[in-house]
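Chemist: These are the residues of each chain, in order.
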Amino acid sequence: MSEAARGEGVRRVGGVCVKVGDHVNTDVIIPGRYLTSIDPAELATHAFEPLGRSFQDRVLAAKVLVAGKNFGCGSAREQAASCLVGAGIEAVIAESFARVFFRNAINTGLVAVQSAAAVAHITDGDEVFVNVAAGNVETRGGTFAFPAYPENLTRILSAGGLIPYVARRLEEESRR
Amino acid sequence: MIAARTFAQKVLERASGSSGLVPGAIVEVEPDLYMSHTASWRCIKTFEKLPGASIRYPDRIAMVMDHISPAPTAQVAGYHRLCREFARRHGVGSFHDVNAGIAHLVLMERGLVRPGEVIIGTDSHSTIYGALGAFGTGVGFSEITATWVTGVLWMKVPESMKVTLSGTLARGVYPKDIMLRLIGDLTADGANYLSVEFEGSLVQDMSISKRMTLCNLAMELGAKNAYVRPDAMTYEYLERAGVADPARHALLPDEGARYTRELAVDASALEPQVACPHTVDNVRPVSEVAGTKLDQVFIGSCANAKYDDLVEAASILRGRKVATGVRLLVTPGSRDTMKQAADSGVLSALIECGAVITNPGCGACAGDGGAMDKGEATLSTANRNFRGRMGSYDSDIYLASPATAAASAITGVITDPREILP
Chain A
3 MSEAARGEGV RRVGGVCVKV GDHVNTDVII PGRYLTSIDP AELATHAFEP LGRSFQDRVL
63 AAKVLVAGKN FGCGSAREQA ASCLVGAGIE AVIAESFARV FFRNAINTGL VAVQSAAAVA
123 HITDGDEVFV NVAAGNVETR GGTFAFPAYP ENLTRILSAG GLIPYVARRL EEESRR
Chain B
9 MIAARTFAQK VLERASGSSG LVPGAIVEVE PDLYMSHTAS WRCIKTFEKL PGASIRYPDR
69 IAMVMDHISP APTAQVAGYH RLCREFARRH GVGSFHDVNA GIAHLVLMER GLVRPGEVII
129 GTDSHSTIYG ALGAFGTGVG FSEITATWVT GVLWMKVPES MKVTLSGTLA RGVYPKDIML
189 RLIGDLTADG ANYLSVEFEG SLVQDMSISK RMTLCNLAME LGAKNAYVRP DAMTYEYLER
249 AGVADPARHA LLPDEGARYT RELAVDASAL EPQVACPHTV DNVRPVSEVA GTKLDQVFIG
309 SCANAKYDDL VEAASILRGR KVATGVRLLV TPGSRDTMKQ AADSGVLSAL IECGAVITNP
369 GCGACAGDGG AMDKGEATLS TANRNFRGRM GSYDSDIYLA SPATAAASAI TGVITDPREI
429 LP
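As you go down the protein sequences, you meet chains A and B in turn. Basically our numbering = 1-based index in the first sequence + 2. Basically our numbering = 1-based index in the second sequence + 8.
Hints listed in this document are in silico derivations from the structure and should not be mistaken for laboratory results. We put the beta carbon where it would ideally sit given N, CA and C, even for glycine. Any given hint could turn out to be false.
Said to hold, decoys possible - Per label pair, the in silico range of CB-to-CB distance:
#1 Arg-157(A) / Arg-92(B): 32 to 38 angstroms
#2 Ala-136(A) / Thr-268(B): 26 to 32 angstroms
#3 Arg-55(A) / Thr-172(B): 45 to 51 angstroms
#4 Thr-125(A) / Arg-97(B): 42 to 48 angstroms
What the hints assert, rightly or not - Listed below are several chain A residues computed to face chain B (Cβ distance under 8 angstroms; list not exhaustive):
#5 Val-30
#6 Asn-72
#7 Gly-76
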């Protein structure tokens, strides 16, 4: 995960994007045979393996994944989000997310933004930036606002994910 | 006056100790049960990274070693051992080892899933718990770990969809066919983030096992959870499973509750359905894909490897032979299912026809055995046919009912079970 996505609030993340279509499922994002690892860096070497090496290399070089409808449908495997973090992806922008993927993204500190308008205006390979605090996506084609995260999700994302968030809560409790 | 509420509103009010929840509200709930399957090792390794953490309610933890089990490698054996030892050390509520079967089925058979309760699991098909009137939903492993520590988890109160099923199923047509057709019609995100309530005369007449198939497959519509209202059949099932006072927390949706979508399906005219590669919503009637060559047939998974599923398959396979060159794998859903099938002669009928019977568990559905070479095709009774899920990225998975699977195993091509059924 980039430093930008850690610490006190998520600021602006992004860069070159890779664009995929609708209903990209978890088995394509990270095949089940690799779930014997929870190390994001190791998982990243297998992310999108069913789509072939050249596509995988493009993902490894990208900062943002742009997707159509129902991104991450299928399994509850958290590695579908953490393998992207390991691959250097800082944000996923989709027309819509499958619910478990969305949870897993926030919980692993991966920015996940729903914006059909932004997706429609982004071309594969564009530079795309997500400004979480301001609630917008900046692209060549314009700036697109997205609704703010609920407060609890902002807290988790700001901490860098669910486990760092729980760790922080435990630390605060022990100091009391 | 309190507005009429859906099941999802009621159950999340109960689990969060609040009232007046509307869809879209975000609440902290206290789940009644936390299921983690073989992924428990991921939860444990994550837990161990949290300094000073302890487990809030150890009795609410249920671990089941169902995926990749028994261990095929030393690495996985190490993961299983980690879970086994952790469970003992921390006194977790229940630990089910490699002999138990698929987590969902095991927990329901053992009376650990009860109406009106909230169950989270490290498995998307946790929607299946709705078959007993519970709220089951899949989460990531970090969420299970966090819930071990805090006892709470955030949830968004979902909107609800009501699916009313009526009519009678024709010979050779099963709840699996109803769900595949529904998924084909509504697509893979047709119920994304929704609570799906199944109602109607057809559902009332269904056994608990058949209700499980409905609720399990609701996941493939993107559902957050599924639900069948508990009734006399539910309570009888639970009493047999050793649950005292099974209706204690039961919740029914109010008359007049608000649904974002209501569907009425008369299933009388339905024919057997097949989900084609590589998405569950790529569904066609069996007549359109009949004759497709198969290399393997898999009867297993939390969707369709319960006792009655094996009985359906055996009724077709008994006294016949699996087609030459075709491998038929049968993975009973649970130890109880396997025992029952052994006692009733179902297993010997399956063995005699040429099936290989594996240990109960997720088996080939989770990529554990039953892999395919490049260019091969499997017809499976599972709930997912994503590319590469069973071996080569260049292999095909078709999904259908146990009857269609059994008929196809005999012929070696996708076959309408109505042509073979007695």
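Chemist: Next step is simple, just say for each hint if it's right about the structure.
Modeler: Taking the hints in turn, this is what the structure says about them:
| no. | hint | result |
| --- | --- | --- |
| 1 | Arg-157(A) / Arg-92(B): 32 to 38 angstroms | 35 angstroms, holds |
| 2 | Ala-136(A) / Thr-268(B): 26 to 32 angstroms | 31 angstroms, holds |
| 3 | Arg-55(A) / Thr-172(B): 45 to 51 angstroms | 49 angstroms, holds |
| 4 | Thr-125(A) / Arg-97(B): 42 to 48 angstroms | 54 angstroms, violated |
| 5 | Val-30 | 6 angstroms, holds |
| 6 | Asn-72 | 4 angstroms, holds |
| 7 | Gly-76 | 6 angstroms, holds |
In summary, the one numbered hint that this structure violates is 4.
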